[in-house]
Amino acid sequence: MSDPWFVIVVLAIATFSIRIGGVLLGQKLPNTGPWARALNSLPGCLIISLVSVLLLSGGPNEWIAGSIALAVAWFTKNLPLTMVAGIAAIYLLRL
Amino acid sequence: MSSETPQAEFWSAVKDISPLAIGVAIYGLAFGLLAAQAAMSELQIGVMGTFVFAGASQILAVERLVAGAGAITAVVAAVAINLRMLLVTASIREVYQGRPWWQLVIGAHMTTDENWALMLATRAKGRNVGYWYLVGGGACLFLTWVISTVCGVIFANNIPEPKALGMDFAFTAAFIAIARSLWRGNKDLLPWLVSVSIVALTLLSGLLDSSWALIVGGCAGALTAGLIPSE
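Residue numbers (my numbering), protein chains in the order written: chain Y, 5 to 99; chain U, -8 to 222.
Just so you know, the hints here were simulated from the structure itself, not pulled from any lab data. Bear in mind that the values here come from a model prediction, so they are computed numbers and not experimental data. Incorrect hints may have been included.
[Said to hold, decoys possible] Derived, one-sided and incomplete: chain U residues facing chain Y with beta-carbon distance under 8 Å:
(1) S3
(2) S48
(3) A69
(4) R84
(5) P91
(6) W203
Every residue, glycine too, gets a C-beta built ideally from N, C-alpha and C.
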């Protein structure tokens, strides 16, 4: 089997197993107590971790554009507007 | 909170996710260009998009192949970047609860960072959306991803770099907006600070790469929240 097909098949099986594994794991964890509180907080913590990884992989331009996007998001809570502001800011900063 | 019909949820998700779908399409075209450099065919890219449907891992795997790293190395790196999906699907367990097996299969496969986060942000604004909102957003991204990646291979010559357009920042800005919507006030302060600090420490010290820093940071924040007694 050539390299691309090997990668496609193994990655497809592994990725689906991970996704369905999380679905099944979620059904097994308790509905109250510390584990439930942890699971309820997990989405916010994952997203803020993702934002941290993305910004730390960049430099000063990304940090300034990130601050501008945060300011727009904070006051408007508007997704498209925040995206437009962030993209425009990084575009202008890199000119 | 009143529940919406499955159809209404599905189509409102398609509408809400469209700004993110534009970003996905641009990345899809760029990925197709990369795949052409790896001498992958339209068929291979179409099959990959359909059955893997995890953009960052696909880009990483093909980028490793182009770099001559070998198939095993490419798969290991790509699987590592997808391990977070275990936490992503686990964190919305109520969405899948009591669903027949085929809906679990579709729902799991259609879950990506973007439609998962968008569903949570929409809920935080007070709308009672769930499974069909998730699947509607996922289906829109799925079609966008498969079509744009295949088009990228076909039209491999005339495609701009996402970075030249500032589009590499589209998802960073989107996740900042979604984090803002998920902010529940003071009770999130300590868990979020723990997450950010762990990511910064592990990443900047070189202890972990970004795939693992993200997972460890997310878990550390969530466990902190679990250990704080509720009011």
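Going through the hints against the structure:
no.: 1; hint: S3; verdict: violated (14 Å)
no.: 2; hint: S48; verdict: holds (7 Å)
no.: 3; hint: A69; verdict: holds (5 Å)
no.: 4; hint: R84; verdict: holds (3 Å)
no.: 5; hint: P91; verdict: violated (13 Å)
no.: 6; hint: W203; verdict: violated (10 Å)
Hint violations for this structure: numbers 1, 5 and 6, all remaining hints satisfied.
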